[in-house]
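Engineer: Residues per chain, in single letters:
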Amino acid sequence: DVKVTQSSRYLVKRTGEKVFLECVQDMDHENMFWYRQDPGLGLRLIYFSYDVKMKEKGDIPEGYSVSREKKERFSLILESASTNQTSMYLCASSPRGVPTDTQYFGPGTRLTVL
Amino acid sequence: GNSVTQMEGPVTLSEEAFLTINCTYTATGYPSLFWYVQYPGEGLQLLLKATKADDKGSNKGFEATYRKETTSFHLEKGSVQVSDSAVYFCALHSGNTGKLIFGQGTTLQVKP
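Residue numbers (my numbering), protein chains in the order written: chain A, 41 to 154; chain B, 149 to 260.
Bound conformation, chain A alone (with noise of 0.2 Å):
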């Protein structure tokens, strides 16, 4: 079974402070993807990267970063967090190539920033 885990499940950070979110999956997958999750708003992805050290803004890379140094861990990265970056963070890795193939989701990390 493919297997996507994320550092944490709960985070509480305070505003300013620098925070990375760790994604790694064991199936060799070369897409991997950062969604944030809002009650009402369904998933939004704010950063993909289909290989490594390559990296695609998604629809809100405002205030994110990230970082894949190696082909089975995909880093998000708050510069400086803000309380309106308290959400759910889902992780999800996918092969390439084959347009319809699933994304395995990790358990998700909740982050509250105050």
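Among the clues, some could well be false.
Covered, in the sense of this in silico footprint (three residues per stretch, anywhere, with C-beta under 8 Å from a C-beta of chain B), are these stretches of chain A [claimed, not checked]:
no., region
1, 78 to 84
2, 146 to 154
Calculated from the model, a selection of chain A residues having no Cβ within reach of chain B, i.e. all distances over 10 Å [as the list claims (entries may be wrong)]:
no., residue
3, Lys53
4, Thr55
5, Asp66
6, Met67
7, Val92
8, Lys93
9, Ile100
10, Tyr104
11, Arg108
12, Lys110
13, Lys111
14, Leu118
15, Thr126
Everything labelled a hint here was simulated from the structure, so no lab data went into it.
Just so you know, these numbers come straight off a predicted model, no measurement behind them.
Using N, Cα and C, we set each Cβ at its ideal position, and we do this for glycine too.
Guided by the hints, dock chain B onto chain A, whose structure is given.
Structural biologist: Relative to the frame of chain A, chain B by itself:
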């Protein structure tokens, strides 16, 4: 641009009731369509998918048919169980980058 619209929730049903969750989409071309489910405290997992018009996806008693003429992909189940209580997301695949566009999610609560 591409978009997905789901019916507003929450939906509350009694056990063994019939379920329909409406999903309509706007897209160019012929996107693949998905239903994902999120059980309490968990990430999303694929429930079913359809890749072309008139395809029917099915899994765990759930079904959805890709209707190009009405741009819809409604989720149905004949008899829901308490264990089906979850948030359901309709999504479409956008282009060839693997990106998914999600609807806002519909919360289903099934009471015994």
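Engineer: For each hint given before, does the structure comply? Return the numbers of the non-compliant ones in rising order.
Structural biologist: Violated: none.
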